Amino acid sequence: MDNPFKEILHQEALPEKLKGKIMNDISFIKFAIDMADLVAVKYPEAIDNLLRLKEGKKENK
Amino acid sequence: MNQFSDEELVHEIIETKDSTLFAVLYDRYAPKVYNKCLGFSKSKVEAEDLTHDIFIKLYVKLNSFKGTSKFSTWLYSFTYNFCVNYVQRDAYRNKEQVNEDAVEKNATEVDEVSDEEILQLKAEKLKKVLSIIDPKDKMILLMKYQTTYRSKKYKLHWKLVRVPLK
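Residue numbers (numbering that gives the first Met the number 0), protein chains in the order written: chain A, 0 to 60; chain B, 0 to 165.
The shape of chain A in the complex, shown without the other chains (with noise of 0.2 Å):
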């Protein structure tokens, strides 16, 4: 018996455009995603490393 399920899948071609769409969306999360690691994660951790650096030469004098 033939399946009518089968018969109403879609076989349509994938408009090309649609790629760059999505890869240029991504690539903005991407970025998004970076800068906020370096606020929000690197930024601080450099601050309190050099803080701390400074902290042991006064400690060593």
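Worth double-checking, as some hints may not be accurate.
Said to hold, decoys possible - One-sided excerpt, in silico: chain B residues whose CB lies under 8 Å from chain A:
{"no.": "1", "residue": "A29"}
{"no.": "2", "residue": "T50"}
{"no.": "3", "residue": "L61"}
{"no.": "4", "residue": "S63"}
{"no.": "5", "residue": "E116"}
{"no.": "6", "residue": "L120"}
{"no.": "7", "residue": "Y144"}
Calculated directly from the structure, the hints in this document are not laboratory data. Fair warning: this is a prediction, and the values are worked out from it, not measured in the lab. For each residue, glycine too, the CB sits at the ideal point set by N, CA and C.
Given the coordinates of chain A, assemble chain B onto it according to the supplied hints.
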């Protein structure tokens, strides 16, 4: 990159967040996702938007793939859930009020439908019926008759619509 299995590729993307690797994953699955979206949308433009949103969400949520099933199965379920949510949200936006009493009444009156009866439906009629019924019921019917998809969730849904599960 192309010789990587899906699971290896996903693991690499989670580790590196590399968009070039994600493009490979896109090339593998975009046509399937797009055609699946066409089944749930009213136009090609809407299906394109759905596909776009699915891949954006996929990139963000990729780390929730734990490898307990094949990636294709997981993506399939991901796509279905996204589409069903979209259709339901759309229906809500259009303020289509569902009479809960009527739904309950219908639910109690549903008789078991055999596979043969369902397969005798003509494609055009089937399309019309699928556009009318609840998106969740549509999802379950498509999962059973259009693919060989099997999962606990699907079986759970199956009990709710009282259609014999083979």
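Here's how the hints hold up against the structure:
| no. | hint | verdict |
| --- | --- | --- |
| 1 | A29 | holds (5 Å) |
| 2 | T50 | holds (6 Å) |
| 3 | L61 | violated (11 Å) |
| 4 | S63 | violated (16 Å) |
| 5 | E116 | violated (11 Å) |
| 6 | L120 | holds (5 Å) |
| 7 | Y144 | holds (4 Å) |
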